[in-house]
Amino acid sequence: MSTSAIRSYLPPVIEVDAENELLEVAMGPHHPSTHGVFRMDVALDGERVVRLKPVFGYLHRNHEKIAEKTTYLASMPYTDRLDYFCSMTNNWAYALAVEKLAGLEVPERAEYIRVITAELTRIQNHASAIGFLMQEMGASGTPLMYAFREREKILDLFEELSGSRMMCNYMRFGGCRVDLPEGWLDRVSRLVAELPRFVDEMEALLTGNEILMARAQGVGVLKPDLAVNAGVTGVMLRATGVNYDVRKVDHYGIYDRFAFRVPLGDHGDIYDRYMLRVLEMRESIRILEQALPQIPAGPILDPKSKPRGFRPKPGEAYGRIEAPKGELGFYLISDGSGNPYRYRVRPPSLINLTILEDMCLGQNVADVVLIFGSVDIVLGEVDR
Amino acid sequence: MLGEGILKGLAETAKNFAGSFVSEERLTTVEYPEQRLPQIENTRDFPFLVYDGEDPMAGLRCVSCQICEKECPPKCIYIVKSTDKKPDYVGKAQFYPTRFDIDISVCMSCQICVEVCPFDAIKMDTEFELSTSDRFGGLILDKHKLAKPNSYYQKIHPTEAAEVDGRLEEEKQKLEAKAKAAAEAAAAKAAADAAAKNAAVAPEGQA
Amino acid sequence: MKTAEELLSELQKALPGVQVSLVLNPSPSAQHALLVAAADALRVAFYLRDEAGYDYCSNATGVDWLDREVAEKVRTTRTVKKDVDGVEQEVEETIEQTVKRMESGYLEAVYHLYSMKMGPTDPHLPMVLRMRTENRTDRTELPSLTPVWRSAEFQEREIFDLYGIVFRGHRDLRRLLMWDEFEDHPMRRDYVDPDDYEYEPTPHDEVLKRAEAHRAAQGGAQ
Ligand code: SF4
Ligand code: SF4
Numbered sequence: 009m010s011t012s013a014i015r016s017y018l019p020p021v022i023e024v025d026a027e028n029e030l031l032e033v034a035m036g037p038h039h040p041s042t043h044g045v046f047r048m049d050v051a052l053d054g055e056r057v058v059r060l061k062p063v064f065g066y067l068h069r070n071h072e073k074i075a076e077k078t079t080y081l082a083s084m085p086y087t088d089r090l091d092y093f094c095s096m097t098n099n100w101a102y103a104l105a106v107e108k109l110a111g112l113e114v115p116e117r118a119e120y121i122r123v124i125t126a127e128l129t130r131i132q133n134h135a136s137a138i139g140f141l142m143q144e145m146g147a148s149g150t151p152l153m154y155a156f157r158e159r160e161k162i163l164d165l166f167e168e169l170s171g172s173r174m175m176c177n178y179m180r181f182g183g184c185r186v187d188l189p190e191g192w193l194d195r196v197s198r199l200v201a202e203l204p205r206f207v208d209e210m211e212a213l214l215t216g217n218e219i220l221m222a223r224a225q226g227v228g229v230l231k232p233d234l235a236v237n238a239g240v241t242g243v244m245l246r247a248t249g250v251n252y253d254v255r256k257v258d259h260y261g262i263y264d265r266f267a268f269r270v271p272l273g274d275h276g277d278i279y280d281r282y283m284l285r286v287l288e289m290r291e292s293i294r295i296l297e298q299a300l301p302q303i304p305a306g307p308i309l310d311p312k313s314k315p316r317g318f319r320p321k322p323g324e325a326y327g328r329i330e331a332p333k334g335e336l337g338f339y340l341i342s343d344g345s346g347n348p349y350r351y352r353v354r355p356p357s358l359i360n361l362t363i364l365e366d367m368c369l370g371q372n373v374a375d376v377v378l379i380f381g382s383v384d385i386v387l388g389e390v391d392r
Numbered sequence: 063m064l065g066e067g068i069l070k071g072l073a074e075t076a077k078n079f080a081g082s083f084v085s086e087e088r089l090t091t092v093e094y095p096e097q098r099l100p101q102i103e104n105t106r107d108f109p110f111l112v113y114d115g116e117d118p119m120a121g122l123r124c125v126s127c128q129i130c131e132k133e134c135p136p137k138c139i140y141i142v143k144s145t146d147k148k149p150d151y152v153g154k155a156q157f158y159p160t161r162f163d164i165d166i167s168v169c170m171s172c173q174i175c176v177e178v179c180p181f182d183a184i185k186m187d188t189e190f191e192l193s194t195s196d197r198f199g200g201l202i203l204d205k206h207k208l209a210k211p212n213s214y215y216q217k218i219h220p221t222e223a224a225e226v227d228g229r230l231e232e233e234k235q236k237l238e239a240k241a242k243a244a245a246e247a248a249a250a251k252a253a254a255d256a257a258a259k260n261a262a263v264a265p266e267g268q269a
Numbered sequence: 081m082k083t084a085e086e087l088l089s090e091l092q093k094a095l096p097g098v099q100v101s102l103v104l105n106p107s108p109s110a111q112h113a114l115l116v117a118a119a120d121a122l123r124v125a126f127y128l129r130d131e132a133g134y135d136y137c138s139n140a141t142g143v144d145w146l147d148r149e150v151a152e153k154v155r156t157t158r159t160v161k162k163d164v165d166g167v168e169q170e171v172e173e174t175i176e177q178t179v180k181r182m183e184s185g186y187l188e189a190v191y192h193l194y195s196m197k198m199g200p201t202d203p204h205l206p207m208v209l210r211m212r213t214e215n216r217t218d219r220t221e222l223p224s225l226t227p228v229w230r231s232a233e234f235q236e237r238e239i240f241d242l243y244g245i246v247f248r249g250h251r252d253l254r255r256l257l258m259w260d261e262f263e264d265h266p267m268r269r270d271y272v273d274p275d276d277y278e279y280e281p282t283p284h285d286e287v288l289k290r291a292e293a294h295r296a297a298q299g300g301a302q
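Respectively, the protein sequence lines represent chains A, B and C.
Under the working numbering, residues 9 to 392 are what the first sequence spells out, in order.
Under the working numbering, residues 63 to 269 are what the second sequence spells out, in order.
Under the working numbering, residues 81 to 302 are what the third sequence spells out, in order.
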């Protein structure tokens, strides 16, 4: 328990010449490249950032309180609105926590559907995240439009399945809401067959691009020990070289049946994060290729699960999954009634921002938005 | 070579640009509202109330049990239950909603009302061009605006509707069979009674 | 992966005199927790991080437990003089009484810990660490665990904001989601929200009552 160990996890103190006048800039509450409504209070010494304080809460609606006042099921559509890019994975995380709490079993077919939808979500999230990152770098439009073109195809598939493109509200405790529509699997297979071409195209467009390299390499570096201590998860963590993917660690769902690799970075900079997202898309395609032909017939919902009058026994459970943005967890306490006594979302977007200050201090102000963009957050989840 | 990556990227965009003139697949823009994409079958927007038969108000399947009102997460359904019973389309006396409002400015299209309704009375619509300049008047749909015939449901969600119709038909037949069985049993009983009476009477007559 | 019981005995061995106890979780998830006294929390937390390998604090959150009345059956034994077979003897007798008492509520901070170092283990249960404040009103201080796990930084700010637990030793304890001038703690179970809504035209049940009260207070306007 040495004090030096304590201090090392704090942001660096930037020395400023006493004569210099600092410029205070409020970046936001809209600008930080419209990931949502967010503000950073930045103090600048010339071009250099010497202080940075993120300000949250513009989108706060107390999702947790709302959930504690309604039934378990009624919170499911609200989880769609956390990270509104990835409603399928949000649904899954919540369903998983409730399944742990109530001891529900998920039928085989539903597990496969969950994996397929979650990996499609991951692909479209990563594609858009790259698009937004490039947008922030000044590559207006093109990469983002390419990403959205693919995303649109995936969202159409989600709409066919669940009725809604983004607010899917598809998973239920112990399974899924409806079975796959006719021909859906074929359309997914066709899309999955096309996807590698899209990733290649994205890479041809960006990976070797000298401007991207100049702007992204060595910028916003995060050290692995700090990343672990600060609870950073997802791509952000793995870009620093720490091998931690909840899909591999927790074996939730049926992920242990598929062969896939966890790409790891080396430098922990923006470029590594970009590269990792590309590689993770390729791995997701691999999982999809394996999952699609294997999907069995059968029921999609645990018969014990019911839409009305669901009352788990008293107790608590923490369930987590590897969402595209990082570890998404739900912590539930039941007191035996129809409403959860405590409902907590562990938002990866918020916790990944803990080290935003550390990454930005001492950097140029022009890089701040870039570093922020490389974290890949959605304010719906940060503020809840 | 410096700039090689940029050139490669430019080649990619050029390919896409030129390609958009020849290949349908690359041209993804649709000029709404002149051009429209085909409707996806499972699409959901806001709920509507299904009725059978000709008269929308008489044919409403809703029996005003208020389950959907209770379960709706943002509480945008408002129901006033009738105090009297009225025959529904098959002639069975049922409660009915004297008021059934859905505030679609609050509704989040989650479909939970549809899931919990035990009577298949409420279903999801696909109508999305509902913009209005009247926030309170235009976006609260009352039961007259909400009521749509079953044929409309069959049109927008054919697969789902077929399944529901099949289920309802089965239930109806079961009910009818039950009623028939009950009627037969009653008739048989009456016949048996009569026969017993006759039997009791007959010896006398013979004697 | 050690179970909570094993970890408890290990902690008691390694840090003698430390006040830790086990909180069992009856749900099928079987995620049992360790309850640690506020005074020992930092010591235990550093031990868990540096010696036991829990280098990653996934989730930190608050829970509000209200004051409640508990009815308990209490067995008391007393000696009474009784007439047994005509001889007076002293006999022990057990009587059962239902005693009601108020159990004072408290705020609880819950931390879910995992180990990144140890990698995949089976079954992968979180190590749940809990701390409790003395009451819900004026003694709501707890030591901050941010010096141990930085990931608690924003989450403890959130707990402070929404529950009102004051974390001693936090480097920047401000409200996170509500604005600075806000006074109450909205996630508390007995929080009453201010009457400043614009009510929708379709309220019912509880909301309808409040909407009516609101309209009456506004003098029938709206
Ligand atoms: S729509 Fe269905 S659930 Fe709602 S009141 Fe009518 S019958 Fe009941
Ligand atoms: S779709 Fe959802 S929000 Fe809309 S009325 Fe039904 S239950 Fe309520």
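Among these hints, one or two may not hold up.
Capping the alpha-carbon separation at 16 Å, the derived lysine to aspartate or glutamate pairs in EDC-like fashion look like this [claimed, not checked]: (1) A:Lys314 x B:Glu133; (2) C:Lys197 x C:Glu176; (3) A:Lys73 x C:Asp264; (4) A:Lys77 x C:Asp276.
So, partial list: chain B residues that the calculated Cβ filter (under 8 Å) puts toward chain A [said to hold, decoys possible]: (5) Ala76; (6) Ala80; (7) Gly81; (8) Ser82; (9) Leu89; (10) Pro100; (11) Gln101; (12) Glu103; (13) Arg106; (14) Val168; (15) Cys172.
Ranges of calculated distance between the beta carbons of each label pair, as one might list FRET restraints [unchecked claim]: (16) A:Ile219 x B:Glu93: 19 to 29 Å; (17) A:Arg69 x C:Leu102: 30 to 40 Å; (18) A:Phe318 x C:Val179: 32 to 42 Å; (19) C:Arg295 x B:Lys154: 49 to 59 Å; (20) B:Pro100 x A:Pro204: 44 to 54 Å; (21) C:Ala296 x A:Phe318: 52 to 62 Å.
Derived from the structure by calculation, the hints contain no laboratory data.
Backbone N, C-alpha and C fix where the C-beta goes; we use that ideal spot for every residue, glycine too.
> Can you give the numbers of the hints that this structure goes against, from lowest to highest?
Replying inline: 2, 4, 5, 6, 7, 8, 9, 10, 11, 14, 16, 19, 20, 21
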